[in-house]
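S.K.: Each chain is listed here by its residues.
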Amino acid sequence: MIASIPRRRRSPLHDGSLFQLRRPAFWAYAAIVFVTGIVSFGQQSVFRQISPAGWALSWALLALYALPVLFLVYVLDLYEREPLSLVMGALVWGAVAATTLSGLANNGWGLVVARVGGPEFAARWTAALTAPFVEEILKGLGVVLIYLIASDEFDDMMDGFVYGAVCGLGFAVVEDVFYFMGVFGGHPNGVLQGFFVRVVASGLYSHVLYTGLVGMGIGYVVSRRQRLPLGRRITVLAGLSAAAVLGHFLWNSPLLDLFPAQPWSGADLLMIPVATAVKGLPLLAFATLAVVLARRRERRWLHGALAEEIGGPGVSAAELEALEHPRRRRAAVREMRTRAGGHAATLLRRLQREQVNLAMIRSKVGSDDDPALSEQRAYCGSLRDALRAIPGAAPADAAGAVADAGPRDR
Amino acid sequence: MGAPPAVDAAIRPDVPADARRPSQGGWGTIVVVITILSVVLGGYVVAAALSEPAGHPVGIPGVVSIRPLSGWVFAGARPSLGGGPSVQLTRGSGNMLVTARDPYRGDPDSLARLYRDSVLSAGLSQLSVSRSLETVRLRSGLSGVRFAYVGVIAETGTSVEGEVTVVVTPSGHGVVFNAWAPAGLLSFVRSDVQTMVNEAEVT
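Read top to bottom, the protein sequences are chains A and B. The opening residue of the first sequence carries number 1 in the numbering used here; numbering runs sequentially from there. The opening residue of the second sequence carries number 1 in the numbering used here; numbering runs sequentially from there.
Treat each hint with caution, since some may be false.
[To be verified] Each pair of labels, with its calculated beta carbon distance range:
1) B:A54 x A:R297: 53 to 61 angstroms
2) B:I153 x A:I234: 19 to 27 angstroms
3) A:F19 x B:S125: 56 to 64 angstroms
4) A:L72 x B:E52: 31 to 39 angstroms
Since the hints were derived computationally from the structure, they do not count as laboratory data. Ideal Cβ placement from N, Cα and C applies to all residues, glycine included.
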């Protein structure tokens, strides 16, 4: 007999969407994006009028950079993909709201630097003394708004990293268009030169890293509210934000500036990636380390949350073993597709996702027999039953036969 | 099987019931919006607070008086523009030359063109000026025009960018405020210059 397939359902854990009409944060987000969007649209229209070919080339080249980066950031979160509408919301905030607001704010704080330091000092230091603080705050506040809109989506530091990095990506793309058109001349040759300098030579070090780190700090603060004191969480946020601001400051400052003077010849073009690496590599290394540590932490968390579920209806030892390692998860799905077809593979992927949700529920509820926990265990069990009912899907070995003793009532 | 109940239904014995569900974030949203406004507008507020006049007024007696902002110093008086008196203020590489033409019967537009053709063209090579004149109004209510220019100082070969504001006083004096700085630096003194021009007392 073929078991009925449990209907697809939304996770009870998550808000899931950007469009939370009852949340004030959504309306604040929408209002700010709308107003700044008018300004941003006007600026792009001006660029398009100045050089239609250069403007189109700018966006085409930046799409080649942004789409793979967006994908990579999106899949960095090992266990739970963030809802696309929220990810896009972060991207739009970075591209539209943060860039427009930063333009205004940088100008204002630039006046302060010029007033205090004079024109020569301001010419050298304004970019370093304004943008890192202004832009990281304004992009970071976008991540905070995303959190306020869908607070349940911030389960860990990596969630914050994803939203922050995507917000930074949106910012970087629009800022690059501005530079291609306004600084590199806007004509196709200038755009290509700008693309080489700002993306090929510098693309690894930019706003994606800065805001990723800030987002990670925000994720840390909001996802550990019941486990760690506020002081410690704020310290971590401050540390990660300081690293981002420091990296941005170094990037914008005249310190360690090995950039060759223009006009550039062939040898200078080789020097540009060296110059950008000197300024950008330290932060890239730091961010990479932070992401690796966060992912390990996620893995430990998953294991810790599900270890006691082994033997129950929720998860088997073999399933947890695969679940902890994304490659093994994907391999298991591929193998299931080969063995039992696409439908079974889809069902296995659902089972894996619900097992991650089981871990989240387990880490959020206080007792082992919490009704929500029991329901989720049963739901995972029903998914597995449905999977096994598909010809060829049942594992040949006993290890995969989870809960072979049948659902245990915990 | 039915869908599991929302997690909110689960009650932790050690956590108050209302702590289970996050708030709607109203206060958090307000804090975010206030912070955004502070970051975006704060610089202008602080810059305005720092833009207080310092030192004694300088100018051309009976025509115009300027209160230099802090950091700006008087750099001398000399005849210019058809023999009219001038005073110069500097801050680092930023400069502002204030010149009077007495008497002047035309309007600000014609004086601006005269200044471009007789002064800027004589002192700068590769002169390029903005296509249109911007209308400005000083705090005193006097209207004038403003244009920007770039060029190279013929004597030194230094590339400069500048901004000229021209007014004609009710008493029939033409006044030209010419601010300039090496290329790339004008933007760092423009706010100061515009503040001083806007606050200038003309008679």
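S.K.: Under the constraints set out in the numbered hints, which ones does this structure not fulfil?
M.R.: 2 and 4
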